[in-house]
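Novice: Construct the complete structure from the given sequences, taking the supplied hints into account.
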Amino acid sequence: MTDTAATTATPEDTGPMLAADGTPLKRSLARALRAQKMRALALIAPLLIFVLLTFIAPIVDMLFRSVENQIVSDTLPRTTLALKDWDDSTGDLPGDDIFFAAYQDIFLAAEAKTHTRLGTRLNYEFTGVSSLFRKSGRGLDDIGEVYQDAFKDLDKDWDKGAPWVELMGSDDFVAEAQAWEKGDALPEFELRDGMADLLPLTAVAYEDFARFQRVEEEKSLLKEEPWTLVHTMLFRDLQAQDVSGYSGPRAEMLKAADALVDGGELPPLDVRTTFEKIDKDWMDVDVWETIKMYSPNYTNGYFLNAVDMQKTPDGPAWRDDDERIYGLLFKRTMFMSLVITFSCIALAYPVAFLLSNLPARTANLLMILVLLPFWTSLLVRTSAWKVMLQQQGVINDVLVWIGLVDDANRLVMINNQLGTIIAMTHILLPFMILPMYSVMSTIPQTYVRAAKSLGATNWTAFWRVYFPQSVPGIGAGSILVFILSIGYYITPEIVGGTTGTFISNRIAYHISSSLNWGLAAALGTILLAVVLILYWAYDKIVGIDNVKLGG
Amino acid sequence: MAVETQAIKKPLGFTAAVIGAFGALFGVFVGAANGSVLGGIVAGFVIMAAVAAGAMSVDRKMEAPVKWGFVILMVLAGFVLGGLPGAVVGAIFGYIFGLLIYWVGMGRYRVPLPPYLTAGQVLWHYAFRTICGAIFVFLITPILVVMPLSFNAENFFTFTPEMLRFDPEGYSLRHYREFFQSSDWQQALRNSLIIAPLATLLSVSFGTLAAIGLSSEHVPFRRAIMAVLISPMIVPLIISAAGMYFFYSRIGLQGTLAGVVLAHAALGIPFVIITVTATLVGFDRSLTRAAANMGANPVTTFFRVQMPLILPGVISGGLFAFITSFDEVVVVLFVGSAKQQTLPWQMFTGLREQISPVILAVATILVVISIGLLATVEVLRRRSERLRGMSPG
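For the protein sequence lines, the chains are A and B, in the order given.
Residue 215 in the UniProt record's numbering is what sits at position 215 of the first sequence, and the numbering runs on without skipping anything.
Residue 167 in the UniProt record's numbering is what sits at position 167 of the second sequence, and the numbering runs on without skipping anything.
Be a bit skeptical, because a hint or two may be false.
Unchecked claim - On the chain B side, residues computed to face chain A include the following (Cβ under 7 Å):
(1) I131
(2) F136
(3) L139
(4) I140
(5) P142
(6) I143
(7) V146
(8) T158
(9) I212
(10) V219
(11) P220
(12) L229
(13) I239
(14) L262
(15) V329
(16) M347
These aren't lab readings, by the way, just hints derived from the structure by calculation.
Everything numeric in this text was worked out from a predicted model, so none of it was measured.
For every residue, glycine included, the Cβ atom is placed at its ideal position computed from N, Cα and C.
Specialist: Below you can see the structure in the form of structure tokens.
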């Protein structure tokens, strides 16, 4: 039917060639091509979405975590804001307003129990901060107790929930709160009109308190006496504000309190001294510098840590020599991966050469000896090496039995670099043999024969004719083995002891033991970058499409 | 026609010297075990040179009796020196040396080689094979050592004297019994058998569809898509595990069966993609057109024409995905919780804390499973090549 296009296009007709349905052929073909593309994409789409969600998103999340640092500004919003204006280069402590902001932030964080998390986070950067925050969380309650007690002595109602609600809450909220019964959703707090101007600090603190009670504790405000923080704020407000114009509910109670405050009998608010009393470290400028340095939402601190540097007020600087571990670990990982790669080349070359020169039947049989370890579980091979390399293990026993090694001086082959290198060379050897074999089996044997018949010695024929043709196989295998080995975790963990571990073991340690996820993510990102560069090189040399799986 | 190399009997001195050298090599170990390395070398050389000379001097027809006589002699000597294990070592040694004497003495080693090779080339030929043999031993020994050790009657990770004496007391199935009776191991086995098939199912069904899409002629962004799909194989496992741990704990999948299955499916996908696209390279597209021409709809065409032809590739991709999930430990350690402990996880914690040789019993079972899978993949690969006419037979 398609040849209608030809018949409709008569020689006199200079218009475009038409398809069977009368549309121009060009457009019809383009549509067919588009349909084909869409069909291909529709087939690929489910998997692509699946991989993006289950694999790429986690990787991106990890990259994000390596710079993310919202915990400081989330937990200490007022303090980080106030610290922006503090000039840390003078060496003076921050002013009273910053201490006041820190008091509010840490008090709230302690109620929500997030202050210890922040302490742990900052402890990565400045040792000792963790205990400082823990202590302060407990100690800051004392500041407000003076005022709470004074107000309570004046009027018992200051220590009850309901009077506070009547004072602070809007009439609607008071009605809703009174109508609330256990089991219902708690009503959302609404501030009385004008209260934010009358008692600004108290209003903010009480709103925080109300939100906390509703979301975290799920208790009615009517039953809960406010935090001591609220009393402190009330004291500050009454010092600064004039409440004589207020005529709403509980006006009398408020005015009485105002009179008490104005009477000057209450001790003045001195947050700084309280902080000093809780822990002298608060008087250390470095602590405040650390908080200021880590207050932005994103930080390069984890990356600096990962390369043995640290943030200082004067910019990044190297850590002390005895604290540098990651450079050493990266270097060791690189060095050991190189050693493993070279030992794999040395062992794989003869085997691949032999396999590619033997008759197909024999080669296939011997190939089983290569493929069997390749298919055997990684843990089986690792456990085999653990069994063999131990001091009371099979190799040592054999060596002692045949008398090469004295029973008292058994070789130490495990829990050190040697153990990791032996076991990983064995585990990765098939990954070297297989690409080498696939390259070598394409090299015609006639070339070497021709070289020899032209007078080359065996060595020359091999080195000048055969070897150059086998180099692509060596390259492919080496990059593959190197990529695999720098990211290895299981084998170094089991046979590596302390000196034979890789950077990946450190990453695992930070995820599961030290819980420093940001640093783990930064180390992982660096490792990933190295692997991707190598992968790119591999793609250039071999091509991803040519990855072969076990013959 | 290839030139036949004749086996020519070698001069007596040559044979005696070569066999003597082998004897000296063996003498090193015997001597070291008995206190004097030098004595072992000298004795080994003298004894073996004498035996070789003797064997070469008698008539050629006496070959079999001489060989077996030597074996019996060595068994007796071994038994006197080292009991039953000594006798076994003696038998092996006697048999090998019997063969060796005639192989060298009669010049049989020359037969498989071209006649024009120099002595040096012949020596290199066999030296090279010996080196390769040693590498093959290195490849296979760890697996072979695990198997007998798993039948150990003791709680040791090495051969006990009883085992070396071939005493039945030294062997037992207790570690296998323990594996089948321990609730921890059984739970781990069950988990592995739930997680791996589910993950395989996911990656095979998505992967096959995508591979078919990828192998059509016009795919926009083919390279970029391929890079994304292959990435789980390239990114080091520890990084995948870290990322998945962070991300899955954000969305509440961490510590759930679904999380582990999804993670394992992602890891298995590259293998399915690679094997299935490789199979599709040889797929003749005119077959689907022919089917369509004869009135089959796309679904029928897929299941009746395309699927049977690419099935070997799909199955071996599935086996790769299965073994990936079944062997995987790093990701499950982070993404899973104690409830999702799989066999490799259990082995890993066992190895770290070094608890019991049950691990070796499990390892042996796993080796047997992998041999089975390896055989299946190999058969499938051959079948697929035959179907596509890529290899004869």
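Novice: If a hint holds in the structure, say so; if it does not, say that too.
Specialist: Hints, verified against the model:
no. : hint : in the structure
1   : I131 : holds, 6 Å
2   : F136 : holds, 5 Å
3   : L139 : holds, 5 Å
4   : I140 : holds, 5 Å
5   : P142 : holds, 3 Å
6   : I143 : holds, 6 Å
7   : V146 : holds, 5 Å
8   : T158 : holds, 6 Å
9   : I212 : holds, 6 Å
10  : V219 : holds, 5 Å
11  : P220 : holds, 6 Å
12  : L229 : holds, 6 Å
13  : I239 : holds, 5 Å
14  : L262 : holds, 5 Å
15  : V329 : holds, 6 Å
16  : M347 : holds, 5 Å
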